[in-house]
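Participant: 40 is the number of the first residue of the sequence shown in the numbering used here; add one for each residue after it.
Source of the hints: derived by calculation from the structure; they are not laboratory data. Incorrect hints may appear among the rest.
[Said to hold, decoys possible] Cut-off 27 Å, straight-line C-alpha distance, at most; resulting in silico cross-link-like pairs (DSSO-like, lysine-lysine):
| id | residue 1 | residue 2 |
| --- | --- | --- |
| 1 | K113 | K124 |
| 2 | K124 | K143 |
| 3 | K129 | K142 |
| 4 | K128 | K142 |
| 5 | K113 | K129 |
| 6 | K107 | K129 |
| 7 | K129 | K143 |
| 8 | K107 | K61 |
| 9 | K107 | K124 |
| 10 | K128 | K107 |
| 11 | K128 | K113 |
| 12 | K143 | K113 |
| 13 | K143 | K128 |
| 14 | K142 | K124 |
[Stated by the list, open to error] Simulated restraints on C-beta separations:
| id | residue 1 | residue 2 | range |
| --- | --- | --- | --- |
| 15 | E83 | K124 | 29 to 37 Å |
| 16 | S57 | Q111 | 37 to 45 Å |
| 17 | R58 | T87 | 18 to 26 Å |
| 18 | R127 | C100 | 17 to 25 Å |
| 19 | S105 | F131 | 20 to 28 Å |
| 20 | D76 | Q111 | 41 to 49 Å |
| 21 | Q79 | E141 | 33 to 41 Å |
The model shown is predicted, which means the values in this text are computed figures rather than measured ones. Ideal Cβ positions, reconstructed from N, Cα and C, are used throughout, including at glycine.
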Amino acid sequence: MLKDEPQVKTAGKDKTLSRSAKNNLSLYMDLLYAFGDVEQPLVETAITLQDCVNEYLADFCTELASIKQVQQQKITTDHIIALSKRDRKKHFRALELVELVEKKVPSNPKK
40 MLKDEPQVKT
50 AGKDKTLSRS
60 AKNNLSLYMD
70 LLYAFGDVEQ
80 PLVETAITLQ
90 DCVNEYLADF
100 CTELASIKQV
110 QQQKITTDHI
120 IALSKRDRKK
130 HFRALELVEL
140 VEKKVPSNPK
150 K
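Sequences are here, hints too, so could you generate the full structure?
Facilitator: In structure tokens:
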């Protein structure tokens, strides 16, 4: 096993991560470093961050699904923006991202 290969100990056993899991963990490790952690954060820290993000996204998607059931229509960016209004910072970031995507991808592309 290489020195940089993430490995997690669970119940006293070493568990080598799959390639996609290692790629995801390396992204979270890069995020941790970008936000002020050490250059090589602990794998356990990256896994904890990944769990938090996954839980948040699952809850967010569950709320979107409940909106879809009530309104009987497809989920649009308007639904996502409306759901993000609870957190002012996330709401304005969502608006920025929607504007950015609309600038890059024209709504009526030429055929």
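Participant: For the pair we were handed, K113 and K124, check the Cα-Cα distance against 27 Å.
Facilitator: holds, 19 Å
Participant: Sort out whether K129 lies within 27 Å of K107, counting only the CA atoms.
Facilitator: holds, 21 Å
Participant: K107 and K61 were given as a pair; does the straight-line alpha-carbon distance stay at or below 27 Å?
Facilitator: violated, 34 Å
Participant: Between K143 and K113, does the CA-CA distance stay at or below 27 Å?
Facilitator: holds, 23 Å
Participant: Please test the hint of 18 to 26 Å on the beta carbon pair from R58 and T87.
Facilitator: At 21 Å between Cβs, range holds.
Participant: Are K124 and K143 close enough, with their CA atoms no more than 27 Å apart?
Facilitator: OK: K124 and K143 at ~24 Å, within 27 Å.
Participant: Taking the CB of S57 and the CB of Q111, does the distance hold inside 37 to 45 Å?
Facilitator: Between S57 and Q111, where Cβ atoms are some 39 Å apart, the hint holds.
Participant: Please verify whether K142 and K124 have alpha carbons no more than 27 Å apart.
Facilitator: holds, 22 Å
Participant: Between R127 and C100, does the beta-carbon spacing fit 17 to 25 Å?
Facilitator: Holds: the Cβ-Cβ distance is about 21 Å, inside 17 to 25 Å.
Participant: For Q79 and E141, compare the CB-CB distance with the range 33 to 41 Å and indicate the outcome.
Facilitator: holds, 38 Å
Participant: Does the hinted range 29 to 37 Å hold for E83 and K124 at CB?
Facilitator: holds, 34 Å
Participant: Taking the beta carbons of D76 and Q111, is their distance inside 41 to 49 Å?
Facilitator: With a Cβ separation near 45 Å, D76 and Q111 satisfy 41 to 49 Å, so the hint holds.
In the structure shown, a violation is registered for the earlier hint numbered 8 alone.
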